[in-house]
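Peer 1: Order-wise, the sequence lines are chains R and L.
Under numbering that gives the first Met the number 0, the first residue of the first sequence carries the number 0, and numbering increases by one thereafter.
Under numbering that gives the first Met the number 0, the first residue of the second sequence carries the number 0, and numbering increases by one thereafter.
In case anyone wonders, no lab produced these hints; they're calculated from the structure.
Computed from a predicted model, the values in this text were never measured in an experiment.
For every residue, glycine included, the Cβ atom is placed at its ideal position computed from N, Cα and C.
Don't take each hint at face value.
Claimed, not checked - Derived DSSO-like pairs: lysine-lysine, alpha-carbon spacing no greater than 30 Å straight-line:
#1 K184(L) with K160(L)
#2 K237(L) with K428(R)
#3 K428(L) with K97(R)
#4 K181(L) with K9(L)
To be verified - Restraint-style ranges between C-beta atoms, simulated for each label pair:
#5 S378(L) with A332(R): 27 to 33 Å
#6 A332(R) with E374(L): 29 to 35 Å
#7 K119(L) with R292(R): 31 to 37 Å
#8 R292(R) with R292(L): 39 to 45 Å
#9 G143(L) with R82(R): 35 to 41 Å
#10 K13(L) with V425(R): 22 to 28 Å
#11 K431(R) with Y15(L): 24 to 30 Å
#12 P77(R) with D130(L): 33 to 39 Å
#13 R292(L) with K431(R): 56 to 62 Å
#14 R349(L) with K9(R): 43 to 49 Å
Protein chains: 2
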Amino acid sequence: MFESAEVGHKLDKKTYEAEEPKLRDALLKAQIALLQKASFPVVILVSGVDGAGKGETVNLLNEWMDPRHIQTVAFSDPTDEERDRPPMWRFWRALPPKGKIGVLFGSWYTQPIVDRVNKKLSTAAFDQQIDDILDFEAMLAAEGVVVIKLWFHLSKDAQEKRLKSLQKNPKTRWRVTDEDWKRFKQYDRFRKHSAHVVQRTSTGHAPWTIIEGSDEAYRSLVAGQTILDRINAQLSRKSVRESRVTAAKSYRKPDTKTVLSALDLSKTIAEKNYDAQLEKWQGKLNLLCRDPRFARHSLVVVFEGMDAAGKGGAIRRITGALDARQYRVMPIAAPTEEERAQPYLWRFWRHVPRRGRVAIFDRSWYGRVLVERVEGFCSEADWMRAYAELNRFESELTEHGAVVGKFWLQVSPEEQLRRFKEREQVDYKRFKITPEDWRNRKKLPAYEIAANDMIERTSTDIAPWTLVEADDKQYARIKILKTLCDRVEKVLKS
Amino acid sequence: MFESAEVGHKLDKKTYEAEEPKLRDALLKAQIALLQKASFPVVILVSGVDGAGKGETVNLLNEWMDPRHIQTVAFSDPTDEERDRPPMWRFWRALPPKGKIGVLFGSWYTQPIVDRVNKKLSTAAFDQQIDDILDFEAMLAAEGVVVIKLWFHLSKDAQEKRLKSLQKNPKTRWRVTDEDWKRFKQYDRFRKHSAHVVQRTSTGHAPWTIIEGSDEAYRSLVAGQTILDRINAQLSRKSVRESRVTAAKSYRKPDTKTVLSALDLSKTIAEKNYDAQLEKWQGKLNLLCRDPRFARHSLVVVFEGMDAAGKGGAIRRITGALDARQYRVMPIAAPTEEERAQPYLWRFWRHVPRRGRVAIFDRSWYGRVLVERVEGFCSEADWMRAYAELNRFESELTEHGAVVGKFWLQVSPEEQLRRFKEREQVDYKRFKITPEDWRNRKKLPAYEIAANDMIERTSTDIAPWTLVEADDKQYARIKILKTLCDRVEKVLKS
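The whole structure should be built from the sequences, with the hints applied where relevant.
Peer 2: Here is the structure:
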């Protein structure tokens, strides 16, 4: 893998001095075009062997281009806010918006490689993490993010020489730490596992460029040219979507029976039982979320369902069981300008709760495969790939200890109509009913198809959908509370 | 102060049951109107004696209103990201946007009172902190934020009874901690210093409401009614600005001599000296920012000046001296949608650097008293009050260890014209020159008046303006680098 970067690539001074100004000029122009077009962000990952010129290259890029539109982020130890959330949270935080360049010094590759070198990861676990990275980068690419991955390499001899020469010079001595020498001793293991990662993650949409780091002129030109080519290639595309394959049309089954149509919406709860049940399950949920063991977990609750299905009321029965300091409710409407400048999952990552907290989403990331699909706000290719992306997102949450509860509230068209009319009558409920709601009602069949597909594809062991017969609000609320209690209890006991 | 909240206020059950549904209904309606109008945010501070029903009231508010549009934040120990920034940063983070309600459980009042009770603050220092709070809240009010301050009180006897009764009940025992009893022992000191704070900070725009906490019905109704009245009062105003006084017209001095016109723009640096000087000062700045003592500080650099004054070039000479991992450059353009929903300083607080980091602002919070004043984007009252607000912001930065360097780059109209024309000729500089720039040029005299006022009012000992003669770019860059080195060095040595 790295042999080609151990041959002693060099560039003579004259060539460099002839090429550098042209490259610099072209990079600056590309950066300006990127900024003005503002249709995609660029993420540059800087990885590789210590002493191979990573820092120098990053500084050079900031010198060549306009540093006002480059965000450089170096990842060292996570902060406590980061540790309290899934590992990828800190990288989502650092993503640049459309039009900007983000330079990530250290990245999602660092920890898996370090852990593997230190034998904290088995081969299988290591490969699992690589799979996760592949999925993550495929998602970024599909969202139009240009991911440029630079691997700076040095042969073992070259690294030793480099560290020694840095150490000899009083001006650069500070840059060589004991940690560097410790890592140098593991050079062979590092090389082996890095090669494996680089090989497996050099994909069409996000290939690695391996750069021999010993000669400054050589590595600078190669790094700069790689970045220039990738940005220009993307700029010259008519549309981000141009190269995408058309998604397979989803096959419609020949009968009309679906998980939703099969629900028995006549289920009710006796009025006299409701109060006792409500108190019981709210009390239980309260205790569970105050359990000391819950401090290692978090609870993420998602509500989806037709208009007037009772999502708000159900949410209030959950918040009523909890201390206000512990939860946050996120009503999901149209994304803001800052959110539109990022991959669609970004705005949900923003609200991932810390350990010990509860986050309740009134509509959610499933908008992608519901409203965005039905209304045509995104292409079929986009919503088709979303199922896997949403499953992955939720697995990142659960792997970090979150309990993910997802509820689909189903009401019959007749009951929905009754509630709409009721809302129009009640003064303070009137704001809840808009012409939009009436329009959406006409699209019920399309929403139902989308909901069925969603449930089929995203009801997983780790984050199953709970289908809630919601014609009787009270029945629905109790079922939701009970389900949450069961889910949390199971996790606390495990 | 608190006598009126120790008389044993009570409400009989019948009255409560008659009033509560009306209040609840009215609160929900007010919340909806607030949300739909989305013209101001509401901040509710919940403070007072432990055991006086603070938590219960917050939960009740979330029950009465729609929890989807309430953000409850409890402040306990700051996270490491918070500790690395000025104390107010965490409160700025928690401010709700327009249309929403933020409930702050613990607030900017907590630490000063606790510190005074524990004798960590002298009377004078305590009063200084109260002054800071007064300024902060006045700013919030002027920005249209409705600040509702609730102080829940209990007499000493009542608090003791309350803690004991919570402790007796197995269900509530967990809520009483050793810390609570420790604080109870300091009741008298706490009462005395709290009274002082509440007295001094009960202002017209943000008065305290003191609520006796022993009777649940009484305290709930009083709290709810207070909030309702304040929200409705603000909703019924035609405009946020309605009640504001007109700012005093600033007096124009009878001659035309200003600090800017007095600058000698013919200052230059000999070409042959430039390279040596640049290397010298960049090297020095690099060393200073890598000095271990710098880890306790941060550097905030602000650039202002006319178009084509050379801000970008100067910034690149600073970033060229630093490691890209250490700095972030913020180009300040029009605020985003999320930023417009907050007080104007919010978008700068977002970018306050952590300790050990450098933040460079290409245009800044001074836009308020420059472009916003000249173009009429804000009222005279708004930019008039901004001078003090900006000084305060910077003093919060410097008190936390930041060095604040502010540079005004002054070019002569002739030199500006020459640069405009040059930009139009050079291919990749062309994007820098827009019709807007030509328009702004016509407003040079107005900008110069605004700049003079700004310098007069915001050049402080802790954060002085450096006026830079910028007709010679090289001269300007060296002056800026040297100034920054001097400033940082002085702080490291102190």
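Peer 1: Hints first: check each against the structure and report whether it holds.
Peer 2: Status of each hint after checking the structure:
{"no.": "1", "hint": "K184(L) with K160(L)", "result": "holds, 14 Å"}
{"no.": "2", "hint": "K237(L) with K428(R)", "result": "holds, 25 Å"}
{"no.": "3", "hint": "K428(L) with K97(R)", "result": "holds, 22 Å"}
{"no.": "4", "hint": "K181(L) with K9(L)", "result": "holds, 28 Å"}
{"no.": "5", "hint": "S378(L) with A332(R): 27 to 33 Å", "result": "holds, 31 Å"}
{"no.": "6", "hint": "A332(R) with E374(L): 29 to 35 Å", "result": "holds, 32 Å"}
{"no.": "7", "hint": "K119(L) with R292(R): 31 to 37 Å", "result": "holds, 35 Å"}
{"no.": "8", "hint": "R292(R) with R292(L): 39 to 45 Å", "result": "holds, 43 Å"}
{"no.": "9", "hint": "G143(L) with R82(R): 35 to 41 Å", "result": "holds, 37 Å"}
{"no.": "10", "hint": "K13(L) with V425(R): 22 to 28 Å", "result": "holds, 26 Å"}
{"no.": "11", "hint": "K431(R) with Y15(L): 24 to 30 Å", "result": "holds, 28 Å"}
{"no.": "12", "hint": "P77(R) with D130(L): 33 to 39 Å", "result": "holds, 38 Å"}
{"no.": "13", "hint": "R292(L) with K431(R): 56 to 62 Å", "result": "holds, 58 Å"}
{"no.": "14", "hint": "R349(L) with K9(R): 43 to 49 Å", "result": "holds, 45 Å"}
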